[in-house]
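Visitor: Start from the sequences, fold in the hints, and give me the full structure.
Just so you know, the protein sequences line up as chains S and G, in that order. Read in the working numbering, the first sequence has 430 at position 430, and its numbers run on one by one without any break. Read in the working numbering, the second sequence has 274 at position 274, and its numbers run on one by one without any break.
Simulated from the structure, these hints should not be mistaken for lab results. Each statement offered as a hint is correct.
Derived, one-sided and incomplete: chain G residues facing chain S with beta-carbon distance under 10 Å:
(1) M158
(2) F180
(3) S198
(4) F235
No farther apart than 25 Å at their CA atoms in a straight line, the calculated lysine-lysine pairs in the BS3-like style are these:
(5) G/K262 - G/K16
(6) G/K65 - S/K408
(7) S/K369 - S/K297
(8) S/K112 - G/K401
(9) G/K31 - S/K408
(10) G/K278 - G/K262
Examples of chain S residues toward chain G, derived with CB under 10 Å:
(11) E12
(12) T76
(13) W126
(14) H133
(15) F180
(16) L182
(17) A201
(18) R216
The structure presented is a predicted model; accordingly, all values stated were derived computationally and were not measured. Even for Gly, the Cβ is constructed at its ideal location relative to N, Cα and C.
Next come the chains, spelled out residue by residue.
Number of protein chains: 2
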Amino acid sequence: MKSRYKSYKTVEDLPKLAGETVTLRGWVYKKTGKGKLQFIQLRYGTGIAQCVVFKNNVTEEAFAKAKALTQESSLTVTGKVVASGKAPGGYEIDAAGLEIIHISQDYPISAKEHGDSFLIEHRHLWLRSARQHAIMRVRAVIIKAIRDFFDASGFKLMDSPILTPNACEGTSTLFETKYFDLGKAYLSQSGQLYAEASAMALGKVYTFGPVFRAERSKTRKHLTEFWMVEPEMAFFDLDDDMDLAEDLVEYIVECALRSCQKEFAVLQRDISALERIKRPFYRISYSEAVEWLQKNKVPIIRKIDGRDVESPFPWGEDFGTVQEEALMEQFDKPCIIHRYPAAVKAFYMKRDPADDKLSLAMDMLGPEKAGEIIGGSQREDDYDTMLERIKEDKLDEADFKWFLDLRKYGSVPHSGFGLGVERVVKWITGAKHIRETIPMPRMIHRIIP
Amino acid sequence: MKSRYKSYKTVEDLPKLAGETVTLRGWVYKKTGKGKLQFIQLRYGTGIAQCVVFKNNVTEEAFAKAKALTQESSLTVTGKVVASGKAPGGYEIDAAGLEIIHISQDYPISAKEHGDSFLIEHRHLWLRSARQHAIMRVRAVIIKAIRDFFDASGFKLMDSPILTPNACEGTSTLFETKYFDLGKAYLSQSGQLYAEASAMALGKVYTFGPVFRAERSKTRKHLTEFWMVEPEMAFFDLDDDMDLAEDLVEYIVECALRSCQKEFAVLQRDISALERIKRPFYRISYSEAVEWLQKNKVPIIRKIDGRDVESPFPWGEDFGTVQEEALMEQFDKPCIIHRYPAAVKAFYMKRDPADDKLSLAMDMLGPEKAGEIIGGSQREDDYDTMLERIKEDKLDEADFKWFLDLRKYGSVPHSGFGLGVERVVKWITGAKHIRETIPMPRMIHRIIP
Numbered sequence: 001m002k003s004r005y006k007s008y009k010t011v012e013d014l015p016k017l018a019g020e021t022v023t024l025r026g027w028v029y030k031k032t033g034k035g036k037l038q039f040i041q042l043r044y045g046t047g048i049a050q051c052v053v054f055k056n057n058v059t060e061e062a063f064a065k066a067k068a069l070t071q072e073s074s075l076t077v078t079g080k081v082v083a084s085g086k087a088p089g090g091y092e093i094d095a096a097g098l099e100i101i102h103i104s105q106d107y108p109i110s111a112k113e114h115g116d117s118f119l120i121e122h123r124h125l126w127l128r129s130a131r132q133h134a135i136m137r138v139r140a141v142i143i144k145a146i147r148d149f150f151d152a153s154g155f156k157l158m159d160s161p162i163l164t165p166n167a168c169e170g171t172s173t174l175f176e177t178k179y180f181d182l183g184k185a186y187l188s189q190s191g192q193l194y195a196e197a198s199a200m201a202l203g204k205v206y207t208f209g210p211v212f213r214a215e216r217s218k219t220r221k222h223l224t225e226f227w228m229v230e231p232e233m234a235f236f237d238l239d240d241d242m243d244l245a246e247d248l249v250e251y252i253v254e255c256a257l258r259s260c261q262k263e264f265a266v267l268q269r270d271i272s273a274l275e276r277i278k279r280p281f282y283r284i285s286y287s288e289a290v291e292w293l294q295k296n297k298v299p300i301i302r303k304i305d306g307r308d309v310e311s312p313f314p315w316g317e318d319f320g321t322v323q324e325e326a327l328m329e330q331f332d333k334p335c336i337i338h339r340y341p342a343a344v345k346a347f348y349m350k351r352d353p354a355d356d357k358l359s360l361a362m363d364m365l366g367p368e369k370a371g372e373i374i375g376g377s378q379r380e381d382d383y384d385t386m387l388e389r390i391k392e393d394k395l396d397e398a399d400f401k402w403f404l405d406l407r408k409y410g411s412v413p414h415s416g417f418g419l420g421v422e423r424v425v426k427w428i429t430g431a432k433h434i435r436e437t438i439p440m441p442r443m444i445h446r447i448i449p
Numbered sequence: 001m002k003s004r005y006k007s008y009k010t011v012e013d014l015p016k017l018a019g020e021t022v023t024l025r026g027w028v029y030k031k032t033g034k035g036k037l038q039f040i041q042l043r044y045g046t047g048i049a050q051c052v053v054f055k056n057n058v059t060e061e062a063f064a065k066a067k068a069l070t071q072e073s074s075l076t077v078t079g080k081v082v083a084s085g086k087a088p089g090g091y092e093i094d095a096a097g098l099e100i101i102h103i104s105q106d107y108p109i110s111a112k113e114h115g116d117s118f119l120i121e122h123r124h125l126w127l128r129s130a131r132q133h134a135i136m137r138v139r140a141v142i143i144k145a146i147r148d149f150f151d152a153s154g155f156k157l158m159d160s161p162i163l164t165p166n167a168c169e170g171t172s173t174l175f176e177t178k179y180f181d182l183g184k185a186y187l188s189q190s191g192q193l194y195a196e197a198s199a200m201a202l203g204k205v206y207t208f209g210p211v212f213r214a215e216r217s218k219t220r221k222h223l224t225e226f227w228m229v230e231p232e233m234a235f236f237d238l239d240d241d242m243d244l245a246e247d248l249v250e251y252i253v254e255c256a257l258r259s260c261q262k263e264f265a266v267l268q269r270d271i272s273a274l275e276r277i278k279r280p281f282y283r284i285s286y287s288e289a290v291e292w293l294q295k296n297k298v299p300i301i302r303k304i305d306g307r308d309v310e311s312p313f314p315w316g317e318d319f320g321t322v323q324e325e326a327l328m329e330q331f332d333k334p335c336i337i338h339r340y341p342a343a344v345k346a347f348y349m350k351r352d353p354a355d356d357k358l359s360l361a362m363d364m365l366g367p368e369k370a371g372e373i374i375g376g377s378q379r380e381d382d383y384d385t386m387l388e389r390i391k392e393d394k395l396d397e398a399d400f401k402w403f404l405d406l407r408k409y410g411s412v413p414h415s416g417f418g419l420g421v422e423r424v425v426k427w428i429t430g431a432k433h434i435r436e437t438i439p440m441p442r443m444i445h446r447i448i449p
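Guide: In structure tokens, the structure reads:
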């Protein structure tokens, strides 16, 4: 598209500008120099260009300005673009002129190692580092891949609301707010119930927005606010659901590999691990997984009287990180675990017709300790059964009247899942902690900046 | 991309399937019939196909099933696809077989006119109507257009958080929640402050997500939860900002015209009004607007002692709906009003160097009573001035420490704006009320379903 706004050239445009004289704007990423030479690494967007300021090529005033520049000062540089294998970013600017916009004083983040808590307190500045740029860029590519995947496959975007009058998956982990004269509202933990209404209206839909968990979990994988995409499909059974989940994850990895080679280099990510992510992935049932855990002596650890007590993993318990990581050590691709005990899964999941103790649920675990990246199921589509489940869970029937309506007026088999964006970004980038995978992470001890 | 999941054919695929025999799934949108013929309008996605069930062509059982179908019953139909100018949607299915999935009983929404409150109470079912499908499809096209516009123009997606420790635009209209042991958190009214941090890190960025206003506004244009895209650009001044805003709106309308002809027909939208939306739009200053209002005797109406008192519109007051609609009657394209009195605009806006009483603010008003669809400004980039503004507004300096840091370390001129998605969808679709422009609207008296 043709833009009318002043489309200044940026460091990211340099590959198209070799040989030309340009004026670039940006910030000082690093600076070195001695005698008659100043080397300024100019950053803009996700690019860095080395600007060479040679005393003989510029005015005395401009050279003095170059010397005065500090880390993160803002400036414009004018000069010729020269391809250079040695320069960071592959291009150099032979500076002919230079203007200071603003001198940064005592920038708190230096080249030296900083502690985690220092960096996260300065998240608004930490975002200026090349490593964070790379992660944010991979994040954006993944989000675009997800949207393109669904838009190109006949799915309709149907965003679910954040403010909801009731809880989808338990009430203990909800953020609560007052909603005018209508009592309390809660921040959505999942858009699924609404996505089900949308799927009955439009067939294949997806909702994609932030969701919230007021969990007191302090791990490398938990955020209190994160982005989730949730497709919901009329006429899909559990097998279709698992196939779609594999399709999506394969496509995401493919797009990241296609678009983020530069970023993976910055992140020193082993991309061979990602190149293996090709369908079919692995699939095992929950019962098979339990058998494997028992055979391989992966125990369950329970707190009894304040002490950790180990015992063989019993059928019926939900998996924790210990079990998931042990199971996944066998696999270099994602694995879907399906047909969990109904007792550990949500009320809206359909029971397995072959065994009423099981839910037609599925979780996709990622390799390389990625953990659960997808959770989904076929949904209960029978009105009476759903009503019974709502009562069993002691949920308020009135709150679910509209949800029950979906089973009353042209009910159909349907399935869906949720994919947590930050978990996937963490896995694909190899980030050590999930707080690096979102611009402004929200965790139990962190709401600033 | 090639999918492995069972990609059943849908009503939306019919144009590619003429002459073939297919099995379709869906719901009964309408049904008529007499004697040996049953006409079923089968809906799926945003498509409708007429299925002709002729007694002589199907089993007696299948014909009985067709007769038993009610509005919104779910079914599969097998038959040959025939192009037909007379059929709604342009294609007919000559049914050879038919299976009922689920009979819908006493579907509450019929062809007859329903009151607004009835429809909104049944939003989960109302979404099944052709008119709502059309609006939702235009909404999705607009959202995709916005994302494509920014992704293709070098902008980085940098989503701002929803949970924030302080208010961006006043505290009286915030949803509040408890945040663990860190005190109160508020639902974001705008991602702008965070977008500014992102722009200093990456140059041109955008944030795109739900935002919240706990306003007691009960109009056709207000939602308490709505989606907003907010671009923020380092090195952009107010003129660049206005140019970008025009570019974006022109592109959105262009995409809608290209992709939504069918939807506009369903909505009976006068598309000639949209075809006029070509740059340049109109631009007038606030002072020029006030002059026009005075000359054309558009008054301000104030409540004094419980009575409405009219007086000439005085320079310095903010515009309300009365003034905006009067001003826009002159224009068949959007109009940007710029340089408002600083007193009616937010603390973070830069003052006009030519007149300190003015903010470098701009609002874009849409034609056809669309109201304000964009609000933006150049931002104050001087540390001391920003600190002064924060103190003037009696905001807590400590809350804005990180925001002030952006003026401390390589500050640059920068600008941005916010575009409200639902306002734009309302304008482009011609929807009467904003509640039709989002799947599950949230308003002062509405949080269910």
